[in-house]
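Going line by line, the protein sequences match chains Z and R. Take the first sequence: its letter number 139 is residue 139 in my numbering, and every next letter is one higher. Quick note, my numbering runs 189 ahead of the 1-based positions in the second sequence.
Keep in mind the hints are simulated off the structure, nothing from the lab. Be careful, since some hints might not be right.
[What the hints assert, rightly or not] Chain Z is faced by these chain R residues, among others (derived, beta-carbon under 8 Å):
#  : residue
1  : Gly212
2  : Met218
3  : Glu247
4  : Ala248
5  : Ala252
6  : Gly258
7  : Val263
8  : Thr292
9  : His295
10 : Glu299
11 : Leu336
[Stated by the list, open to error] What follows is a list of derived Cβ distance ranges for each label pair:
#  : chain 1 : residue 1 : chain 2 : residue 2 : range
12 : R       : Ser369    : Z       : Asp183    : 35 to 45 Å
13 : Z       : Ser182    : R       : Met357    : 21 to 31 Å
14 : R       : Leu192    : Z       : Asp40     : 18 to 28 Å
15 : Z       : Asn18     : R       : Gly237    : 22 to 32 Å
16 : Z       : Ser180    : R       : Ile376    : 22 to 32 Å
17 : Z       : Asp2      : R       : Asp279    : 26 to 36 Å
18 : Z       : His101    : R       : Gly333    : 52 to 62 Å
19 : Z       : Asn115    : R       : Leu192    : 51 to 61 Å
20 : R       : Asp279    : Z       : Pro16     : 12 to 22 Å
21 : Z       : Lys9      : R       : Asn207    : 46 to 56 Å
The beta carbon of each residue, even a glycine, is placed where N, CA and C say it ideally should be.
2 protein chains.
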Amino acid sequence: MDLLIEKIKTDGKLLPGNILKVGSFLNHMIDSDLMAKIGDEIARLYEGTGVTKVLTIEASGIAVALAAGMSMHVPMIFAKKHATSNISGDIYTAIVHSYTHGTDYHVAVEADLLNKDDTVLIVDDFLANGQAIKGLVKIVEMSGARLAGAAVCIEKGFQKGGDELRSMGIRVESLARIKSMSDTEIIFY
Amino acid sequence: MDLLIEKIKTDGKLLPGNILKVGSFLNHMIDSDLMAKIGDEIARLYEGTGVTKVLTIEASGIAVALAAGMSMHVPMIFAKKHATSNISGDIYTAIVHSYTHGTDYHVAVEADLLNKDDTVLIVDDFLANGQAIKGLVKIVEMSGARLAGAAVCIEKGFQKGGDELRSMGIRVESLARIKSMSDTEIIFY
């Protein structure tokens, strides 16, 4: 998606340690018009696949998933990272390892929100090691729903997550796929 | 907003302890078409007030704030609850007390995202004790921006937050304002 790639080139910030900061338009402040177009593009890519629900993880996936859900006119679910007093009853849960924070955490979805009649599209802002998406794939499997695939805004193509998911037979669409990055330069596929 | 009130009446679940669960359409699974209409209604209420940015707190405010930002064609910012490796540089921060969880937490916004030329609309899913919104008001004050007001989907009008904010001279718009609720019944203003 050229518009997103151009935005990353002009407004993204490279920090040491392969960190790409996109907080001025994608995951802290969000460019609403750009996000609407991202939603439209995800809807276009998965047109005709019968998606009934979009699934993501709080917090930075919510905006992308809502934009996709709006374009597809289907509900969006965000998995919660912590059990709270607002989640109850039977839940599907999976453990996710965060390389960013060096910890494991649980993701949870109330069981009555997903079932075998659903076709699910997993959406997130970033794909790097793929741990978050693998956790969501487990939740989809638990529910008995069909998985249409995954869509992410930015894939760090030099990390293993995307290849691992594709080798599992999962369709993965990345709107901007990074081949390599340094402290000064970013190269897309 | 009649559409939201009807949805709460049909799909909301009342639990002991004044808990209204709306996780099937507002803050766990989200009805994308309803959320688009909520965004349009917030935009209509604040039309002509010169809003340049919508501000909320992760996680359950993000969808509402994005929908409003899309309708108003302005960026949306979500304050982060925890400092992470993805937030850096100068930040505005405030302490928020959570009555739901019985703890205090910090909310933070990178300082370069808000400044004195901005007019900010604060958006959230719920307004009860008003602690989260007061934290955001402090962040707006720190930035020197003008505050247009606040917009929430559901106000628990029998709790003090809304009245306190209004007595501070802040415009507060609630799309559904609850007068009272019990374990079996919910009454709107």
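How the hints compare with the structure:
{"no.": "1", "hint": "Gly212", "in the structure": "holds (6 Å)"}
{"no.": "2", "hint": "Met218", "in the structure": "holds (5 Å)"}
{"no.": "3", "hint": "Glu247", "in the structure": "holds (4 Å)"}
{"no.": "4", "hint": "Ala248", "in the structure": "holds (4 Å)"}
{"no.": "5", "hint": "Ala252", "in the structure": "holds (5 Å)"}
{"no.": "6", "hint": "Gly258", "in the structure": "holds (4 Å)"}
{"no.": "7", "hint": "Val263", "in the structure": "holds (7 Å)"}
{"no.": "8", "hint": "Thr292", "in the structure": "violated (11 Å)"}
{"no.": "9", "hint": "His295", "in the structure": "violated (15 Å)"}
{"no.": "10", "hint": "Glu299", "in the structure": "holds (6 Å)"}
{"no.": "11", "hint": "Leu336", "in the structure": "violated (17 Å)"}
{"no.": "12", "hint": "R/Ser369 to Z/Asp183: 35 to 45 Å", "in the structure": "violated (58 Å)"}
{"no.": "13", "hint": "Z/Ser182 to R/Met357: 21 to 31 Å", "in the structure": "violated (49 Å)"}
{"no.": "14", "hint": "R/Leu192 to Z/Asp40: 18 to 28 Å", "in the structure": "holds (24 Å)"}
{"no.": "15", "hint": "Z/Asn18 to R/Gly237: 22 to 32 Å", "in the structure": "violated (45 Å)"}
{"no.": "16", "hint": "Z/Ser180 to R/Ile376: 22 to 32 Å", "in the structure": "violated (60 Å)"}
{"no.": "17", "hint": "Z/Asp2 to R/Asp279: 26 to 36 Å", "in the structure": "holds (33 Å)"}
{"no.": "18", "hint": "Z/His101 to R/Gly333: 52 to 62 Å", "in the structure": "violated (32 Å)"}
{"no.": "19", "hint": "Z/Asn115 to R/Leu192: 51 to 61 Å", "in the structure": "violated (26 Å)"}
{"no.": "20", "hint": "R/Asp279 to Z/Pro16: 12 to 22 Å", "in the structure": "holds (19 Å)"}
{"no.": "21", "hint": "Z/Lys9 to R/Asn207: 46 to 56 Å", "in the structure": "holds (50 Å)"}
The structure fails to meet hints 8, 9, 11, 12, 13, 15, 16, 18 and 19 from the earlier list, while all remaining hints are met.
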